[in-house]
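Just so you know, the sequences run in chain order A and B. Using this note's numbering, the letters of the first sequence map in sequence onto residues 1 to 157. Using this note's numbering, the letters of the second sequence map in sequence onto residues 1 to 599.
Treat the hints as calculated values from the structure; they're not laboratory data. Treat the hints loosely; a few may be bogus.
To be verified - Straight-line distance between alpha carbons at most 20 Å, and here's what the computed EDC-like set of lysine to aspartate or glutamate pairs gives:
1. B:K253 x A:E100
2. B:K559 x B:D265
3. B:K595 x A:D98
4. B:K471 x B:D209
5. B:K253 x A:D68
6. A:K59 x B:E57
7. B:K292 x A:D79
8. B:K559 x B:D273
9. B:K595 x A:D75
10. A:K59 x A:D75
11. B:K51 x A:E54
12. A:K55 x B:D223
13. B:K292 x A:D68
14. B:K226 x A:E51
15. B:K226 x A:D65
16. B:K559 x B:E257
17. B:K253 x B:E57
18. B:K275 x B:D548
19. B:K292 x B:D189
20. A:K55 x B:D256
21. B:K275 x B:E456
22. B:K597 x A:E100
23. B:K561 x B:D256
24. A:K59 x B:D189
25. B:K292 x A:E51
26. B:K261 x B:E456
27. B:K226 x A:D68
28. B:K253 x A:E84
29. B:K595 x B:D548
Note that the coordinates shown come from a computational prediction; the quantities given were computed from them, not determined experimentally.
Below, each chain spelled out in residue letters.
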Amino acid sequence: MTQSLIQAYQQAPWRNQLKWIATFLLGVIVVALVAGLYLSISAQAMSMGFEIQEKNQDKVVIAQDIADLRNQLGDLTADPAMLERAKALGYDYVNPSDLEYILVPGYSGRQTASLAPQTATEEFSEPTINPEYTSSLSEILFQGLLKFSVMQARRIP
Amino acid sequence: MKSEPFVRFRFIAVSLSLIAALLVAQLVRIQVSANTRAMREDTRKTIEDGKRVLYPERGNIYDRWGHLLAGNKEMYQLGIDLRYVVSPVTIASTLASVAGMNYNDVYAKASTEYDANSAVYIDLRTTITPEQAQKLQTLQISLEKKAGKVQKDQEYPSLLGLVWTPILQRSYPEGSLASNLVGAYTFLDRDGNRDLGQGIYGVEAYYNDILAGQPVIVNYSLDPNKAQTLPNVPPGAGLILTIDIQIQAMVEKVLDESVAKTKSDSGTIVVLDPKTGEILAMTSTPRMDPNKYWDYQKTFHDGTETDRAVSQMYEPGSVFKVLTMATGMDTGTVTPDTVYLDRGTIEVGGITITNWDFLAHGPQTMEGCMQLSLNVCLAWVATQIGEKNFYAYLDKFGIGRMTNVDLSGEVDWPVLLPGQPGWTPFSLGANAYGQGVNVTPIQLASAISAVANHGEMMAPHILKAIVANGKQEARPLRSLGNPISAKTATDLTNMLAQSVESESYQNAHIDGYRIAGKTGTASISVGKLGYITNLTNASFVGWGPVEDPQFLVYVWLEKPKTNMWGSLVASPVFAEVVRQLVVLMNIPPDDVREKLKGQ
């Protein structure tokens with residue numbers, strides 16, 4: 001009887017096998033998902049790392065390029081180069097007696113180099129602090145009473 | 001009895017399991033093998049966790065208008081990584097043809113045996129241009145392609161092992177122009193052993209620390225998983241100098257021509273703005289090209305020659321009389337109209353002093369004494385002033401002390417004072433006309449600038465502003481005091497302007513401009529041998545326009561051979577400089593200025 005009952009409620013062997021296989025596959029899928037996620041994040045982090053390294057390198061290269069371009073400009077405007085170019089264009093030294101000076105209203109002459117904003121003495125205005133933060137409690141009470149008494153006095157005809 | 005398919009399944013399962021086990025075993029073996037450990041260690045050393053020093057770009061140097069005097073250009077530093085060298089012959093012959101290097105030197109270095117502890121990398125201490133680097137790269141690629149497959153350890157034409165690293169190299173676009181002032185930076189010592197790179201001479205040396213900036217040390221790894229953004233390294237401070245490159249170029253041209261024409265040993269010219277103490281131009285001969293600073297020994301024989309204006313002492317002679325007369329007038333000892341009877345000699349401290357021409361000039365006002373540059377008269381003025389006052393005024397003028405001009409290599413020589421060993425009563429008489437007292441050109445120019453600036457002496461300086469952290473900060477002007485009153489300064493300036501207008505100063509005349517000035521011809525002392533009679537230091541100091549002095553020019557020619565007199569060799573140099581200076585500084589002639597003032 002008991003045997004019959006067990007047999008009646010027992011899973012078929014193929015069902016058990018299927019259950020184990022499903023469980024195993026689920027495990028494999030979970031592991032694969034976690035591994036995939038890990039790989040993806042790790043790859044992204046590494047890719048960002050490479051990008052940061054590239055940007056760092058770009059920064060260095062750009063800074064060098066800027067310095068080099070500034071220097072090239074210096075080479076092009078160097079006194080001997082300018083003199084040669086001016087001569088090639090047909091310019092010559094001025095004869096002082098040929099000079100004519102004119103007064104240009106408002107012109108204060110050539111200004112010296114300004115390569116960055118000038119630093120100025122920063123002027124700070126006196127900080128405005130409400131008296132509530134500087135007076136003692138007794139002073140506030142006294143001032144309040146004084147104000148109240150003045151108002152009362154004004155009401156008196 | 002088991003069926004046939006099950007046997008096959010088992011066989012396949014066992015086989016696959018064995019293969020899997022073998023794979024795992026192989027993986028473990030690879031991971032723990034000695035070679036792998038060595039490779040891992042090598043990789044770790046290469047890419048991981050190192051401290052890296054980030055050096056800031058060296059600050060630029062500009063003239064007053066923002067014209068670049070010292071910058072940085074992209075270059076490639078050559079080196080040899082001995083681990084990878086295949087063909088020392090190819091490296092040596094290529095560098096000889098592409099970079100002009102010595103074949104034998106390079107070959108010897110490239111043939112050095114690799115030693116992990118002592119010989120890994122050799123810095124060739126040579127830089128090449130980006131174009132040359134491009135040529136090397138093309139050649140390297142083509143050689144490797146041609147080589148194809150070769151046996152291990154077989155030598156074949158290859159540039160492997162040759163390394164070129166991009167660096168910013170100090171560059172001076174103007175070459176030797178203003179090099180006395182700007183100095184140089186030893187850029188070849190920058191990489192490899194960067195601590196040794198430093199500014200030498202001039203501004204580069206004086207402001208080395210602020211030009212260099214602050215290096216930043218970071219923990220750095222090539223492992224991308226540990227990548228981090230590198231911090232910003234602010235470049236070294238940029239310096240804006242007071243000099244005007246056009247004036248500087250003009251002054252150098254005039255000086256070079258004059259030194260050659262007068263066959264002088266050397267020459268120096270200082271151009272100052274007496275109102276501010278700004279150095280508008282300053283030069284001396286010889287000059288070097290700071291782009292090839294390693295050749296400095298071919299140009300300079302000792303340190304005083306790098307910038308004679310601040311580094312070389314000399315007895316100035318009669319230009320010093322300006323200070324003696326200023327003292328005499330300021331103390332009330334004499335006035336411009338005081339008359340002195342010049343008998344051609346005077347005895348001071350038991351020694352007879354004569355005039356430069358050994359003549360007596362009879363009664364002379366102080367103006368006449370200055371115009372004729374009478375030693376006897378000025379020695380008399382000094383004796384009337386008295387030792388105490390005379391030396392007190394020299395001290396006020398800064399004689400015997402450094403000016404503290406912001407250039408490297410400034411020297412000074414203390415003035416011998418009464419009571420000190422070596423001083424005799426005669427010293428007072430000799431000092432009055434600029435003998436027995438040593439100054440540098442900048443010292444004397446600075447002292448005399450007080451006369452040109454209504455009695456106030458401004459500190460001479462070369463730095464106009466500093467550019468750092470995106471801001472430009474102007475250098476404040478500094479007064480060194482008022483050694484004489486404004487009245488004395490004006491009276492003396494007018495007196496010296498009268499002198500320049502006289503016939504004896506015709507070489508210093510500037511048409512259309514009223515200029516004050518004084519010549520100087522100093523004998524040269526040679527140790528115990530005394531003074532050489534035929535060789536002199538010829539000088540001229542002048543400032544103008546007299547009504548509103550905007551420049552002071554000091555000229556010194558050392559041992560001119562064509563003529564020994566300052567009035568004949570130094571005055572024309574002064575005049576030539578001023579003639580061009582007024583144009584470059586936009587200073588109209590006196591009459592035009594007056595007319596424009598009225599508008």
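Next on the checklist: B:K595 and A:D75 were given as a pair; does the straight-line alpha-carbon distance stay at or below 20 Å?
Outcome noted: 41 Å, violated
Checklist entry - Given the hinted pair A:K55 and B:D256, is their alpha-carbon gap at most 20 Å? => result 50 Å, violated
Checklist entry - Keeping to a limit of 20 Å between CA atoms, is the pair of B:K471 and B:D209 held or broken? => result Satisfied, since the Cα-Cα distance of roughly 18 Å is no more than 20 Å.
Checklist entry - Keeping to a limit of 20 Å between CA atoms, is the pair of B:K51 and A:E54 held or broken? => result 19 Å, holds
Checklist entry - Is the hinted pair B:K253 and A:E84 satisfied, with a Cα-Cα distance of at most 20 Å? => result Status holds; Cα separation ~15 Å.
Item to check | Hinted pair B:K226 and A:D68, Cα distance within 20 Å | outcome: 31 Å, violated
Item to check | Proposed proximity, B:D223 with A:K55 (alpha carbon, max 20 Å) | outcome: 15 Å, holds
Checklist entry - For the pair supplied as a hint, B:K595 and B:D548, is the alpha-carbon distance within the 20 Å limit? => result Roughly 15 Å separates the two Cα atoms, so the pair holds.
Next on the checklist: For a C-alpha distance cap of 20 Å, please report whether B:K226 and A:E51 respect it.
Outcome noted: With Cα atoms ~12 Å apart, B:K226 and A:E51 stay inside 20 Å; holds.
Checklist entry - Within a Cα-Cα threshold of 20 Å, do B:K261 and B:E456 meet the stated pairing? => result Since the Cα atoms of B:K261 and B:E456 sit roughly 37 Å apart, the hinted pair is violated (cutoff 20 Å).
Next on the checklist: Hint check: B:K595 vs A:D98, CA-CA at most 20 Å. Holds or violated?
Outcome noted: Holds, because 17 Å separates the two Cα atoms, which is no more than 20 Å.
Next on the checklist: Check whether the Cα positions of B:K275 and B:E456 lie no farther apart than 20 Å.
Outcome noted: 8 Å, holds
In this structure, the hints that do not hold are numbers 1, 5, 8, 9, 10, 15, 17, 20, 24, 25, 26, 27, in rising order.
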